[in-house]
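Chain by chain, the residues run as shown.
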Amino acid sequence: MDLENQKRVLALSEEYGAENIVVLLGASEGEASSLAAETVTAGDPTFAGPLTGVQLGLTVFHVCEPEIKEEVDPAVYDEQCGMMEMVMDIDDICNEMAPIRAEYCKYL
Amino acid sequence: MKTVIKGAGYILAHTPDMVLHNGTTQTTERIVNPESEYLKELPSHLRDWNTVLGYWPNQVYIGNKTPDDLAAIPQPWCDKTCDVNDRFGPYGQMMPQEEFLLMMQAVDVFSLVKLEKSFVETYKPVLAQNPLIDESILNRIVEGIDGAEIARLVAEEHSEGLYHNNVLVGCVNRAHDIDVNLSAHVMHENMVSKASSVLALLAALKNAGIDKNDVEYVVDCCEEACGDMNQRGGGNFAKAAAEIAGLNNATGSDVRGFCAGPAHALIDAASLVAAGTFKTVVVTAGGCTAKLGMNGKDHVKKGLPIMEDMIGGFCIVLTQDDGVSPEINLNIVGRHTVGTGSAPQAVISSLVTESLDRNGLKITDIDKYSPEMQNPDITKPAGAGDVPLANYKMIAALAVKRGEIGRADIASFADKYGLTGWAPTQGHIPSGVPAIGYLCDKIKAGEMNRAMIIGKGSLFLGRMTNLFDGASFVIQANSGPEAPAGVSEDEVKKMIAKAMREFAATLLAAEE
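These protein sequence lines map, in sequence, to chains H and W. Our numbering applies: residue 1 is where the first sequence begins, and numbers increase by one. Our numbering applies: residue 109 is where the second sequence begins, and numbers increase by one.
None of these hints come from the bench; they were simulated from the model. Do not take every clue at face value.
Computed Cβ-Cβ distance ranges for the label pairs, DEER-style [as the list claims (entries may be wrong)]:
#1 W:Thr385 x H:Asp89: 37 to 43 Å
#2 H:Asp89 x W:Asp517: 14 to 20 Å
#3 W:Pro182 x H:Glu19: 46 to 52 Å
#4 H:Thr52 x W:Met109: 56 to 62 Å
Simulated coverage check for chain H against chain W, where a stretch passes if three residues somewhere in it have a Cβ under 8 Å from a Cβ of chain W [unchecked claim]:
#5 8-22
#6 59-70
#7 74-81
Straight line, CA to CA, 30 Å or less: simulated BS3-like cross-link-like pairs of lysine-lysine [said to hold, decoys possible]:
#8 W:Lys405 x H:Lys7
#9 W:Lys509 x H:Lys69
#10 H:Lys7 x W:Lys488
#11 H:Lys7 x W:Lys409
Just so it is clear, CB atoms sit at the ideal spot from N, CA and C, and this is done for glycine as well.
Using the sequences and the accompanying hints, generate a full structural model.
The structure is reproduced here in structure tokens:
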């Protein structure tokens with residue numbers, strides 16, 4: 001995850017409390033999604049950014065996961081995400097996200 | 109008035125030592141983790157000159173091979189050797205590091221680039237053999253100085269070292285003692301950009317077959333900034349390069365927009381010609397040292413060679429209609445607006461379908477799309493996927509949503525309407541423009557009718573806006589002579605005669 005984004009995630013968690021934050025990812029494939037999810041839960045796996053060694057345990061989803069899709073007006077979802085749903089490997093993304101959440105999320 | 113593409117130039121400079129000393133992945137690592145395994149491993153992954161000559165994507169870039177040829181070669185390409193290894197191609201050339209260092213001095217007008225005596229003596233005669241380099245450029249290269257003095261400048265005066273085969277053979281001096289915008293680092297970066305832009309300009313003008321004195325305006329669209337502490341991006345790379353290239357009748361200016369810069373610049377330039385402001389405008393850009401070895405860590409980790417060792421450059425020559433060359437259709441211009449937003453669907457619609465809709469065209473009415481043409485050999489091992497392919501999938505998905513193709517056609521869309529990527533990952537260099545030379549050849553040969561060039565830019569990297577950006581335009585076959593605008597001299601005479609007859613008739617009527 002971009003170092004600047006890590007900084008912002010950390011600052012927002014400190015300001016509002018980690019239990020009140022939901023991180024919504026939009027990465028285009030599974031591996032990148034799980035890396036970002038790991039960063040905001042278990043800490044930066046690349047040991048490069050401000051979240052290195054910081055286990056925030058934030059609640060994290062990819063925008064294409066069913067849990068999020070169900071929360072959104074279908075017309076809006078289709079307009080914003082319909083095209084990318086056709087392009088992305090949703091199953092791969094879901095399969096990468098679920099174990100990270102199960103292992104590291106502290107607030108689910 | 110129509111604007112046509114008269115010619116294109118594409119050049120690459122092989123700069124392995126700059127990967128080590130100037131690529132930001134490496135310079136950052138040297139600060140953060142100077143003893144890292146990566147820095148120790150890296151030199152053994154650098155490619156030699158013969159390897160880069162035989163690298164398929166490089167041969168496509170300079171035009172000895174086509175993107176179609178490349179698509180037929182199974183990936184990865186870094187373990188294969190192209191059957192052509194000529195450094196010169198129909199679009200331009202590859203330049204070895206030793207010649208490029210001399211080019212850097214040739215484009216320097218403030219005596220900032222210093223080269224070692226024997227280095228100049230050895231390689232100046234080699235550069236003299238280069239068909240693009242004439243006396244006016246050769247004469248700008250001065251006799252070298254002592255190696256000891258270069259070492260002192262680097263050690264004591266903050267000069268940026270120039271290395272060849274890991275030996276210090278020159279340096280770029282700072283242009284001011286305290287102004288960071290004129291530091292040796294910045295001057296080095298800008299001098300590389302300028303040198304590669306000049307080479308691209310020379311290649312394009314030769315290919316277009318026009319007189320240098322015909323060029324009236326030059327637009328530079330690289331991603332560097334030149335200026336001093338009082339005007340950090342004052343410019344003007346365009347005019348600076350035009351001076352060295354001998355374009356005495358030209359002035360110019362710089363257009364910026366991150367990776368979308370070339371698309372914006374070409375729309376601007378085509379409009380200048382179409383409006384009749386200037387008859388011949390060239391768009392040029394040099395390459396970027398910072399991005400050398402950008403994905404090096406992943407390449408080294410996976411045992412691959414460092415493929416980001418080429419500085420890229422391109423130049424496109426636009427003129428008034430010649431009745432033959434492919435034209436830029438300024439009615440089919442796409443743009444990502446402030447209100448577009450960042451959802452991929454909105455982005456692709458704004459860049460692809462909004463302009464097609466205005467012109468009653470469908471996605472499938474375009475024969476080929478050229479979005480970000482990054483070489484997947486470089487991006488895939490770095491986890492960034494196949495960038496052109498990702499773009500084609502998005503355009504295809506949009507076509508499905510619009511009912512223009514079936515869902516089953518997504519998989520074959522890229523083969524039919526796309527090209528396999530081959531351009532170095534130098535930001536603006538792969539952004540739509542690398543295909544212009546190839547597309548123009550295809551259109552002129554009657555094998556293609558329309559192609560869309562799409563540039564996208566990540567403006568948020570500059571921290572001035574969170575917005576994304578992009579622009580697109582269509583190249584099409586020359587539609588033949590335009591109907592003359594206005595009225596002919598004969599028609600004017602007839603109109604005057606008619607008006608006088610009518611006036612006389614009213615006078616006669618009044619007398620009666």
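Structure-based check of all given hints:
Distance hint for Thr385 (chain W) and Asp89 (chain H): a CB-CB separation of about 49 Å, inconsistent with the stated range 37 to 43 Å. At roughly 18 Å, the beta carbons of Asp89 (chain H) and Asp517 (chain W) sit within the given window of 14 to 20 Å. The given range of 46 to 52 Å is respected by Pro182 (chain W) and Glu19 (chain H), whose C-beta atoms sit roughly 50 Å from each other. One distance hint, 56 to 62 Å for the beta-carbon pair Thr52 (chain H) and Met109 (chain W), holds here, with the actual separation near 59 Å.
Counting residues of the segment 8-22 of chain H whose beta carbon lies closer than 8 Å to any beta carbon of chain W gives 0, which falls short of the minimum of three for the stated coverage. Here the segment 59-70 of chain H counts 0 residues with a CB under 8 Å from a CB of chain W, which misses the bar of 3, and the coverage is violated. Using a Cβ-Cβ cut-off of 8 Å, 3 residues of the segment 74-81 of chain H lie near chain W, which meets the minimum of three, so the contact claim holds. A distance of roughly 23 Å separates the Cα atoms of Lys405 (chain W) and Lys7 (chain H); the hinted pair therefore holds under the 30 Å criterion.
Between Lys509 (chain W) and Lys69 (chain H) the alpha-carbon distance is near 18 Å, which keeps this suggested pair within the 30 Å criterion. Among the hinted pairs, Lys7 (chain H) with Lys488 (chain W) is consistent with the structure: their alpha-carbon atoms are about 27 Å apart, no more than 30 Å. Simply put, Lys7 (chain H) and Lys409 (chain W) have alpha-carbon atoms about 27 Å apart, close enough for the 30 Å limit, and the pair holds.
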